[in-house]
Structure formats: C-alpha cells, structure tokens
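*Asks:* The residues making up each chain are set out below.
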Amino acid sequence: MSAGAAKALTSSSSHFELFGLPPSYVLDKDRLEAAYRDIQSRVHPDRFAHAGDAERRASLQWTTRVNEAYRTLKDPVQRGKHLLELHGVDVAFETNTQMPTEFLMQQLELREELDAAIQKKDAAALDAMRARLVSQKEMIQEEIGESIDAKKDYAGAAELVRKLMFLSKLDDEIDLAYEAVE
Amino acid sequence: MALLQISEPGHAPAPHQHRLAVGIDLGTTNSLVATVRSGVATVLPDAQGRPLLPSIVRYGLGKIEVGYAAQARQSDDPKNTIVSVKRFMGRGLKDVAHVENAPYDFVDAPGMVQIRTASGVKTPVEVSAEILKVLRERAELSLGGPLSGAVITVPAYFDDAQRQATKDAGQLAGLNVLRLLNEPTAAAIAYGLENASEGIYAVYDLGGGTFDLSILKLSKGVFEVVATSGDSMLGGDDFDQRLFCWAVEEAKLPPLSPRDMRLLQVRSREAKEYLTFHGEAPITARLSTGDVIDLKIDTETFCGITQTLVQKTLVPVRKALRDAGLTVEDVKGVVMVGGATRMPQIQRAVGEFFKRDPLNNLDPDKVVALGAAMQANVLAGNKPQGEDWLLLDVIPLSLGIETMGGLVEKIIPRNTTIPAARAQEFTTFKDGQTGMSVHVVQGERELVSDCRSLARFELKGIPPMAAGAARIRVTFQVDADGLLSVTAKEGTSGVEASVNVKPSYGLGDADIERMLRDSFEHAREDMHARALAEQRVEGQRLVEATRSALAADKSLLSDDEATAIEQTLAELEKLIGGTDHRAIKRAADALNKATEEFAARRMDAGVRRALAGKKIGNL
Numbered sequence: 002m003s004a005g006a007a008k009a010l011t012s013s014s015s016h017f018e019l020f021g022l023p024p025s026y027v028l029d030k031d032r033l034e035a036a037y038r039d040i041q042s043r044v045h046p047d048r049f050a051h052a053g054d055a056e057r058r059a060s061l062q063w064t065t066r067v068n069e070a071y072r073t074l075k076d077p078v079q080r081g082k083h084l085l086e087l088h089g090v091d092v093a094f095e096t097n098t099q100m101p102t103e104f105l106m107q108q109l110e111l112r113e114e115l116d117a118a119i120q121k122k123d124a125a126a127l128d129a130m131r132a133r134l135v136s137q138k139e140m141i142q143e144e145i146g147e148s149i150d151a152k153k154d155y156a157g158a159a160e161l162v163r164k165l166m167f168l169s170k171l172d173d174e175i176d177l178a179y180e181a182v183e
Numbered sequence: 021m022a023l024l025q026i027s028e029p030g031h032a033p034a035p036h037q038h039r040l041a042v043g044i045d046l047g048t049t050n051s052l053v054a055t056v057r058s059g060v061a062t063v064l065p066d067a068q069g070r071p072l073l074p075s076i077v078r079y080g081l082g083k084i085e086v087g088y089a090a091q092a093r094q095s096d097d098p099k100n101t102i103v104s105v106k107r108f109m110g111r112g113l114k115d116v117a118h119v120e121n122a123p124y125d126f127v128d129a130p131g132m133v134q135i136r137t138a139s140g141v142k143t144p145v146e147v148s149a150e151i152l153k154v155l156r157e158r159a160e161l162s163l164g165g166p167l168s169g170a171v172i173t174v175p176a177y178f179d180d181a182q183r184q185a186t187k188d189a190g191q192l193a194g195l196n197v198l199r200l201l202n203e204p205t206a207a208a209i210a211y212g213l214e215n216a217s218e219g220i221y222a223v224y225d226l227g228g229g230t231f232d233l234s235i236l237k238l239s240k241g242v243f244e245v246v247a248t249s250g251d252s253m254l255g256g257d258d259f260d261q262r263l264f265c266w267a268v269e270e271a272k273l274p275p276l277s278p279r280d281m282r283l284l285q286v287r288s289r290e291a292k293e294y295l296t297f298h299g300e301a302p303i304t305a306r307l308s309t310g311d312v313i314d315l316k317i318d319t320e321t322f323c324g325i326t327q328t329l330v331q332k333t334l335v336p337v338r339k340a341l342r343d344a345g346l347t348v349e350d351v352k353g354v355v356m357v358g359g360a361t362r363m364p365q366i367q368r369a370v371g372e373f374f375k376r377d378p379l380n381n382l383d384p385d386k387v388v389a390l391g392a393a394m395q396a397n398v399l400a401g402n403k404p405q406g407e408d409w410l411l412l413d414v415i416p417l418s419l420g421i422e423t424m425g426g427l428v429e430k431i432i433p434r435n436t437t438i439p440a441a442r443a444q445e446f447t448t449f450k451d452g453q454t455g456m457s458v459h460v461v462q463g464e465r466e467l468v469s470d471c472r473s474l475a476r477f478e479l480k481g482i483p484p485m486a487a488g489a490a491r492i493r494v495t496f497q498v499d500a501d502g503l504l505s506v507t508a509k510e511g512t513s514g515v516e517a518s519v520n521v522k523p524s525y526g527l528g529d530a531d532i533e534r535m536l537r538d539s540f541e542h543a544r545e546d547m548h549a550r551a552l553a554e555q556r557v558e559g560q561r562l563v564e565a566t567r568s569a570l571a572a573d574k575s576l577l578s579d580d581e582a583t584a585i586e587q588t589l590a591e592l593e594k595l596i597g598g599t600d601h602r603a604i605k606r607a608a609d610a611l612n613k614a615t616e617e618f619a620a621r622r623m624d625a626g627v628r629r630a631l632a633g634k635k636i637g638n639l
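Note that the protein sequences, when read in sequence, are chains B and C. For the first sequence, my numbering assigns the number 2 to the initial residue and increments by one for each residue that follows. For the second sequence, my numbering assigns the number 21 to the initial residue and increments by one for each residue that follows.
Simulated from the structure, these hints should not be mistaken for laboratory data. Predicted model only: the values in this text are computed from it and were never measured.
In silico BS3-like links for lysine-lysine, alpha-carbon gap of 30 Å or less:
#1 C/K375 to C/K240
#2 B/K170 to C/K430
#3 B/K30 to C/K430
#4 C/K332 to C/K352
#5 B/K138 to C/K430
#6 B/K30 to C/K237
Go ahead and model the full structure; you've got the sequences and the hints to work with.
*Replies:* Below, the structure is given as structure tokens:
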C-alpha cells in the first residue's frame with residue numbers, strides 16, 4: 002500500500018466513507034455504532050499506552066477524527082449539514098436566518114410558553130413542551146430524509162435542516178429551564 | 021462476556037513480559053493501590069495488612085509522616101497535618117469552601133492555594149505526591165520491582181486544572197502515569213466485568229469531598245460513558261461539617277482553637293459513621309479550654325440537618341439523565357461508590373429516585389481502585405487483544421474562550437467523547453490590530469466570570485489589517501486523560517501560538533523538575549541511577565513496541581524504509597546497555613521520529629481492516 006493512498010483516507014474522505022456507510026440521511030444507527038466501535042478498538046489511545054510517541058500521536062489524531070465523524074453523523078442537524086455540504090450546499094446557520102414567517106411566529110410563541118413555565122416553576126408544562134418538540138423534530142427529520150435521499154431537493158432540505166436546528170436550540174433551552182425550575 | 025475480536029498479531033506481549041502496573045484511587049479521605057495478579061484485581065495492603073491509606077500528610081521539622089501516623093497526630097498538630105488535600109487540588113483560595121474551618125496557614129498563590137507548614141510552604145500537588153509516593157513504595161515492595169506505570173483516578177467532574185494537578189502529583193511521586201481515569205468509570209469497569217452487565221447503568225459516587233454521577237452504556241466489551249455530572253465541592257466531609265456545626269451550636273461553644281476544631285471534627289465524623297449502624301451516636305470531647313462536650317444525636321436529627329445535602333446530589337443526577345436523553349426507567353441498575361454512600365439516608369434517597377434498590381455488592385471503598393487496576397493492566401499491554409475492552413469517556417464540563425463583553429463561546433461542549441478536537445474562527449475587531457489575547461475557560465455559564473479560568477495567552481505578530489479581515493483559528497485538543505491543549509493560528513500570515521493549559525496555576529514542567537531534583541538533593545548518585553533506570557525502561561518499551569509493529573506490518577514499508585527503522589532501533593538497543601541516560605533519550609527520540617510515517621500507515625491499515633471486516637460481515 003502506498004503512503005498516498007493511506008493519506009487519502011485520513012484527510013479527504015467523508016464521514017460516511019470513514020464508517021463504510023452509504024451517504025444517506027436515513028441512517029442505520031446499529032451499523033454506524035458497530036463500525037465506530039470496530040475502528041475505535043483499533044485506533045484508541047488505550048491500545049497504544051505502551052507504544053512509542055509516534056504511534057501515540059497517530060492514535061490521538063485518528064481517535065479524534067473518528068469521534069468527530071461519529072458525533073456529526075449521530076446528530077440529526079449536523080448529519081444533514083454534512084450531507085448537504087457533500088452535495089455542495091451550504092446550510093449557512095450563521096448567515097441565513099431567513100425563515101418562513103409562520104415558522105418564526107411559532108418559535109416566538111414557544112419561547113413565550115417556555116418563559117411562562119419558568120416563571121411558574123412548572124415542570125409538568127416543560128414535560129409537555131418537550132413531548133411536542135420530540136414529535137415535531139421526528140416529523141422534520143422524516144421530511145429531510147425524503148428531500149435528500151429520495152427527491153434530491155438539496156435547497157429544500159437546507160431550509161428543513163435550519164428548522165431542525167431552531168428546534169434543537171429550543172430543546173437546549175428546555176434543558177436549562179429544567180435547571181431553573183428544580 | 022462477549023468481547024470485540026481483534027485479529028492482527030503483534031500487539032500482545034509474550035507472557036514473560038508481564039509489566040507491573042497499578043491502579044491508584046487518590047481519595048479525599050483514603051487512598052488505595054491495587055493491581056491485577058494472576059488475572060485477579062486485588063488491593064495491596066501495607067505491612068500491617070491495612071488496605072486503606074488515610075490521605076493525611078504531616079509535615080514535621082525535617083520529617084514527613086503519611087497515613088495512620090499522620091492521622092494520629094492530626095488533633096495535636098492541626099496546622100502541619102493536612103487532611104482532605106484533594107479539595108485544594110488546582111484550586112485558588114477563593115474557590116475553597118469552609119476556609120474558616122480549615123486550621124491551616126494558607127498562602128494565596130496565583131492559580132493554586134499553598135499551605136505554610138513546619139517543613140516550608142507546600143502546594144497541594146506536593147502533598148498529594150507524598151501520598152502517592154507511599155503507595156508507589158508499597159506496590160514496588162509487594163510486587164518486587166519498579167512499576168512500569170500507574171492509572172490514577174480522578175472525580176469525573178474534575179476540571180482541567182484539577183486533572184493537571186493530579187497528573188503532576190503522579191509525576192512528582194515518580195510514577196509513569198498511564199492514564200487519568202474517572203472514578204465512576206473505574207467503578208463501572210470493576211462492576212461490569214464482575215457481573216457481565218449489559219445495558220444502561222448509573223454510577224452514584226459520593227466520596228469524601230466530591231460527588232459524581234455518570235451514566236454508562238455497557239455492551240459487548242465496550243464501556244461507553246453517555247453523560248456525566250456532579251459537584252466537585254460536595255462529599256462526605258460536608259456531612260461531617262454539618263454535624264460539627266450542629267455540635268458547636270448545641271453545646272453553645274465560643275470560637276474554637278485549631279486544635280479543638282480538629283478534635284471536634286474527628287468526633288463528628290466518628291458519630292456519622294456510628295449512625296450508619298445505630299439509631300443514636302454520642303459526641304464527646306474534652307477541649308483544651310477544659311470544657312467537656314457530651315452530646316447525643318439521633319438518626320432523625322442527623323437526617324434533618326443533612327437533608328439539603330442529600331437533595332443537592334439529586335440535581336446532577338437529573339441533569340445527567342437529561343443530557344443522556346434518558347429517564348429513570350431506562351436505567352438498569354445504580355452502582356453505589358464511595359464510603360459516604362453507606363449512609364442510610366443516601367441509600368433511601370437514591371432508591372426512591374431510581375425506583376429500584378441501589379447495587380451495593382462491591383465494597384464502595386475499594387471498587388474504584390480495583391477498576392483502575394484492571395484498566396492499568398490493559399494499558400500496560402498485559403491483556404491479550406480480544407480479552408480487553410474499549411473505554412469511551414467524556415469531558416464533564418464545556419470548554420470555551422472569552423469573547424467580546426465577557427461572554428463565553430463554547431468550543432467543546434460537555435459530554436463530548438474524548439479524545440476530541442474542535443476549531444473555531446475568530447477575527448480582529450480593530451483596524452490594524454496586531455495582537456489578540458485568548459482566554460480559555462471551562463464551565464457551563466454564559467459569563468466568563470462564572471466559569472473557571474484555565475489559561476490566558478497572547479497571539480502576537482498578526483499583520484495589520486482592516487477590522488474583521490484576520491482569520492484566527494483557535495483549536496482545542498482534549499486528550500485521553502481529559503487534558504486540554506490550545507493552539508491559535510492566524511490564517512493569512514501563519515502566525516501561531518500554543519499553550520499547554522498548565523501555567524494557569526503556576527506549576528510548569530520546570531517547577532516539577534526542580535521539585536524532583538530537590539527531593540534527591542542529598543543523593544546525586546540516586547538521581548543519576550534513577551534517570552538511567554527511567555530511560556532504560558522507556559527505551560526498552562519503545563524497542564518492544566517497534567519490534568512488534570515491524571513483525572505485524574513490515575509490508576507497509578519499502579525495503580529502504582524498513583532498513584532505516586531497523587538501524588535506528590539497533591542503535592537504541594546498543595545504548596540501552598550503556599550508562600549514558602542522555603544518549604538513550606536521544607536515540608529514543610530518533611526512533612520515534614523515524615517511525616512517524618510508519619505509525620500513521622499502521623493506523624490507517626487498522627481502520628481499513630475494520631472496514632473490510634464489516635463488509636465481509638455484511639455479506
């Protein structure tokens with residue numbers, strides 16, 4: 002094997018290639034986990050604690066790379082972003098804040114609801130919000146899967162991924178709200 | 021239990037190469053050392069057969085006592101007898117709770133507090149190193165040779181400064197620290213292997229001074245930490261403290277002398293332990309003022325005054341479950357760790373919260389050390405591949421940098437699996453700005469002032485540009501010990517700065533070297549002998565590792581490349597037989613350099629084999 006070929010796998014392959022998975026939004030989670038663990042069991046620093054510096058460094062770099070790829074693919078927002086990037090579409094979380102008015106209104110209402118729950122120290126209201134959010138997120142994920150994997154509508158998928166990101170942020174805020182309520 | 025099968029040969033050492041490796045639980049109250057002998061993890065007792073070493077160090081005039089000897093003197097020499105030093109590791113004076121109740125002469129040093137004793141000013145790192153030295157000597161005596169390496173456990177919720185301080189203490193004690201291992205993770209290894217457990221488990225670890233709650237997924241030879249939370253300023257000590265305050269109030273005592281304070285604290289701890297098995301406990305003491313304290317406390321009162329502490333432990337429990345996206349129903353078992361979990365009110369609260377009886381079948385004082393010993397055995401390479409396991413741990417607290425307005429920009433969020441690296445781009449905010457200061461912090465709060473400051477450094481020499489034109493890429497790398505290093509690089513000019521997040525508490529590599537030198541100052545010969553022994557062990561390790569790498573994967577090298585490595589290897593081997601430790605070090609460095617490309621190719625080949633295995637498996 003040539004050093005060039007080895008380098009190619011290290012630097013430029015997609016996260017999907019790294020785990021030997023097809024580049025699709027709908028993901029076989031068990032296969033991802035099995036591939037992740039299989040690779041980790043070969044490159045993890047615990048395997049090289051008694052090795053030389055060079056191997057320990059290489060192991061650290063690989064494990065870091067594999068962890069990052071795994072984290073990206075497991076996360077529905079990051080997986081969408083990565084996949085769209087592979088198709089040349091930038092989801093542009095930071096710059097593209099243009100969202101349908103209806104969606105934004107809904108987000109505002111949800112945040113007001115959240116504030117009210119915090120004020121009243123109402124954990125049950127948080128539970129209810131979370132349950133609604135979970136099903137809403139699942140719906141959007143299904144839509145993203147369809148847009149990317151079946152329709153190949155990458156621009157449409159980008160907007161859905163941005164929506165999903167909004168909802169994930171709300172999810173984080175609910176977590177913080179629980180801390181305030183407890 | 022079924023374990024991942026790894027097929028390539030060459031890694032497993034031959035049986036005769038068994039390396040002496042230990043696991044050390046460096047506890048707030050007690051410390052232990054354990055090892056794996058004939059496949060079984062066992063705690064190594066002292067010459068008197070006592071497994072625990074009280075984590076107490078007394079600095080007399082020219083004499084240092086550690087353990088029971090120091091414990092015996094704690095009431096009559098409180099100022100020089102340091103207990104619970106773990107509470108001060110990597111902490112500044114303002115971070116230390118109950119300073120007013122600690123009878124020490126504190127010195128407020130930058131980054132980490134110091135203590136003035138009869139043997140001079142001591143850092144918590146030095147005090148901890150004294151404890152570790154005793155454990156190292158105990159292990160070497162008992163195992164009959166120098167240790168090849170040690171795993172030292174830390175609370176999962178320890179931040180970077182506390183971890184770094186612990187690793188430094190290990191180094192200062194002359195240990196080759198193979199890994200810092202989180203205490204609840206160590207307990208999960210010991211518990212999981214003992215019971216062949218599979219599924220989601222919670223580890224509730226209430227030690228002397230720290231509280232950790234970790235949630236792990238155990239399956240097929242993999243220990244995966246899903247989330248961890250805790251409180252690094254909450255432990256069994258706080259229950260003693262509540263009892264102490266209760267006693268002071270109940271007996272209407274005036275402010276106490278350091279000696280009386282320590283005496284009453286010891287009595288309070290004894291009463292707490294007594295209450296675990298009895299409905300009522302006496303607290304009696306004769307103070308130096310002549311006053312006699314004669315109190316009785318019942319379980320109900322004790323539960324009442326400590327109820328808020330018990331409830332406080334449930335906050336991180338809920339947080340960890342939320343972070344893991346799990347509910348109590350998903351948890352298959354709760355492993356109890358740490359002596360403080362013996363308290364009935366803790367057992368009850370945990371049982372009620374998780375709606376199941378906690379698991380107490382392993383000794384809560386020993387389980388961490390045993391798990392650490394098992395991991396040390398794996399890291400030393402004593403376990404053949406296929407029989408070992410994979411451990412995936414996380415960082416407990418988010419890492420970030422200060423941005424405009426004293427706000428924190430998180431770069432690596434908490435519960436990220438380590439090792440991890442993440443980069444973020446920043447820019448200049450003034451025209452012609454040539455420098456940028458990077459302030460690294462750790463914590464969950466949005467304001468810098470609410471987080472822990474880890475390090476500050478300057479990136480200088482940025483070429484003058486318009487505001488917003490520079491591209492400064494800050495990269496955080498967290499290694500397998502959970503330790504952070506940071507680099508910053510300006511994209512257009514390539515100006516670079518990096519920092520090991522160490523100097524924050526003012527103890528650099530040079531300081532450690534000096535301390536090591538000091539401890540050998542009356543024995544120059546000793547120092548040379550020790551350096552030589554260390555370099556020989558290190559060199560031999562490298563020779564073995566390179567040899568087994570060549571045996572397994574020589575096909576990845578061209579003939580010329582292989583010859584070059586073999587020559588460097590032969591050179592190192594020749595020097596190991598000599599007595600020049602610096603020459604050995606140089607030859608080892610050369611071999612490390614010569615094998616860099618080989619190491620990278622081997623790692624790639626490993627991944628390819630993993631993928632190939634998958635494809636065959638899928639057919």
